[in-house]
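Undergrad: Chain by chain, the residues run as shown.
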Amino acid sequence: MADASLQGKLIEFKGASLAVMTASIRDTDAVRLADALHMMLGGMPDFFAGEPAILDFAQLGNAPERVDWTALLSLLRRYQLQPVGVRNLAEHLHDGARRANLAVLGPDSPAAERPVAPPPAPAPAPAPVAETPAPAPAATAEPAPAPTLVVDRPLRSGQQVYAKGGDLVLLAGMSPGSEIIADGSIHCYGPLRGRALAGARGDTSARIFSTNFGPELVSIAGVYRTFDRGIPQAVAGRGAQVRLTGSDNLHTLEITPLQHD
Amino acid sequence: MARVIVVTSGKGGVGKTTTSASISSGLALRGFKTAVIDFDVGLRNLDLIMGCERRVVYDLINVVNGEANLHQALIKDKHCENLFVLPASQTRDKDALTEEGVEKVLKELEHMGFDYVVCDSPAGIERGAVMALTFADEAIIVTNPEVSSVRDSDRILGILQSKSRRAIEGREAVKEHLLVTRYAPKRVEDGEMLSYKDVQELLRIPLIGVIPESDDVLQASNQGTPAIHLKDSDVATAYLDVVARFLDEDRPLRFVAYEKPGLLKRLFGGK
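The listed protein sequences correspond, in order, to chains X and S. Under the numbering used here, the first residue of the first sequence is numbered 1, with each subsequent residue one higher. Under the numbering used here, the first residue of the second sequence is numbered 1, with each subsequent residue one higher.
These are calculated hints, taken from the structure and not from any lab test. Ideal Cβ positions, reconstructed from N, Cα and C, are used throughout, including at glycine. Mixed in with the good hints, there may be bad ones.
Stated by the list, open to error - Calculated lysine-lysine pairs in the DSSO-like style (CA-CA distance at most 27 Å, straight line):
no., chain 1, residue 1, chain 2, residue 2
1, S, K107, S, K33
2, S, K78, S, K107
3, S, K260, S, K197
4, S, K104, X, K9
5, S, K260, X, K14
6, S, K104, S, K175
7, S, K33, S, K197
8, S, K163, X, K9
9, S, K104, S, K197
Said to hold, decoys possible - Computed beta-carbon distance windows for the label pairs:
no., chain 1, residue 1, chain 2, residue 2, range
10, X, L250, S, G191, 39 to 47 Å
11, S, L253, X, Q233, 28 to 36 Å
12, X, Q233, S, G191, 14 to 22 Å
Let's have the full structure, built from the sequences with the hints guiding it.
TA: So, in structure tokens, the structure goes:
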């Protein structure tokens with residue numbers, strides 16, 4: 001709190017979780033990789049625009065005797081990818097990776113888990129897989145389902161809750177000016193009056209349920225809707241659900257009354 | 001144990017200082033030893049409302065900084081035996097308030113045998129307001145029946161839930177009371193103003209009272225007399241009811257229904 005002590009602090013350590021790309025590498029031969037990348041990206045030199053990446057070797061069949069890190073890294077850097085660490089790498093290759101200034105992360109990425117803030121988050125999923133233009137479709141292990149986050153008190157204007165990796169249940173509703181975000185679905189018992197965003201990491205099957213519908217904005221997997229002209233009569237102040245219908249690129253938000261007694 | 005009550009709202013001009021003055025006076029009238037602290041450092045008003053502006057020698061910041069002790073800074077109220085005012089500093093800004101300093105002042109008031117400490121919060125959600133609510137046991141949320149005031153009250157309730165000591169230490173939550181002020185039943189009837197029921201439904205905290213809009217409040221503050229002392233006025237009656245409810249007494253709500261003025265009243269004046 002005291003400002004004076006802040007000035008004295010030249011370095012400060014804070015927990016942070018950040019989304020990084022994983023590049024799942026199935027071949028360590030720089031020449032073959034270069035060909036594959038060229039095919040995939042058409043030689044666009046700045047494709048990754050300096051994005052940090054973790055190199056994942058889980059799908060590497062048999063680990064080679066040694067890896068030419070210099071060649072591999074310079075290849076990836078040519079596309080402006082910034083490799084920062086490796087994971088799932090065979091033990092005998094660790095030293096080489098370290099010499100190449102790469103962080104060696106554990107298989108379940110404890111390094112990524114440790115800095116995550118207080119709420120015990122289960123192993124954070126390795127970056128938005130679907131959006132990753134990685135050399136190969138990165139199919140890392142499914143993250144364990146996150147526990148549902150339950151909020152007992154009314155959520156007030158200016159407050160924000162994020163249910164990382166799972167569902168969010170509000171037991172006392174939310175006020176205008178508050179915001180709830182869930183990677184899964186949102187269940188709101190009581191007034192839903194702020195901004196509600198479900199499926200925040202792209203889950204199109206997520207839904208929003210409320211017993212008293214009246215939000216400022218709803219969004220599912222990035223498809224959003226505001227209510228400039230008021231909430232539709234059929235659902236205003238009543239039980240309602242929001243979900244995505246249609247497929248692929250033709251998603252539409254559908255808001256329907258909830259049938260309940 | 002001294003009970004710390006914060007009077008707060010987020011929005012300015014809704015009646016925080018009027019309420020702080022009246023509620024602290026009301027508690028003192030009931031025989032409780034009460035202190036009222038102005039946290040609006042730099043924009044102090046409470047001393048004016050309490051009519052003690054000419055007796056200010058030392059202030060809250062002097063005490064926080066150890067330049068004066070509490071006995072020197074506390075001003076005895078001229079209306080009530082048990083009431084003491086701790087004014088804010090007018091020449092400093094809110095950065096002069098520290099959490100340790102405020103805690104020290106509150107601890108000392110407790111040692112001096114105070115039953116209640118009323119903290120008059122500044123408007124806004126910055127340092128002064130946060131300092132005023134940090135050590136609160138109970139909060140009186142002053143709200144006018146209009147949407148922007150309700151929104152700001154909602155915001156301050158959120159801050160109370162996240163920044164008060166009770167919240168941070170995971171103790172029993174701060175007890176919240178809703179006080180609707182500047183209430184005009186006629187305008188509610190005409191649909192120009194939110195009803196107190198609307199406000200309560202939006203904020204979802206227990207209602208402790210409704211204070212009617214009245215010219216008496218302006219008059220009282222000009223005189224430096226807390227509104228609760230205005231004999232036979234609606235405002236004073238409403239504040240006395242609020243104090244009674246605060247002390248767990250049952251009082252029906254008054255001044256919330258609009259009564260059409262009778263013929264005589266219309267002919268011969270009255271408002």
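Undergrad: So, for every hint listed, does it hold in this structure?
TA: Verification of the hints:
{"no.": "1", "hint": "S/K107 / S/K33", "result": "holds, 15 Å"}
{"no.": "2", "hint": "S/K78 / S/K107", "result": "holds, 25 Å"}
{"no.": "3", "hint": "S/K260 / S/K197", "result": "holds, 21 Å"}
{"no.": "4", "hint": "S/K104 / X/K9", "result": "holds, 26 Å"}
{"no.": "5", "hint": "S/K260 / X/K14", "result": "violated, 63 Å"}
{"no.": "6", "hint": "S/K104 / S/K175", "result": "holds, 22 Å"}
{"no.": "7", "hint": "S/K33 / S/K197", "result": "violated, 34 Å"}
{"no.": "8", "hint": "S/K163 / X/K9", "result": "holds, 23 Å"}
{"no.": "9", "hint": "S/K104 / S/K197", "result": "violated, 39 Å"}
{"no.": "10", "hint": "X/L250 / S/G191: 39 to 47 Å", "result": "holds, 44 Å"}
{"no.": "11", "hint": "S/L253 / X/Q233: 28 to 36 Å", "result": "holds, 33 Å"}
{"no.": "12", "hint": "X/Q233 / S/G191: 14 to 22 Å", "result": "holds, 20 Å"}
Violation of the numbered hints given earlier is confined to hints 5, 7, 9; the remaining hints are satisfied by the structure.
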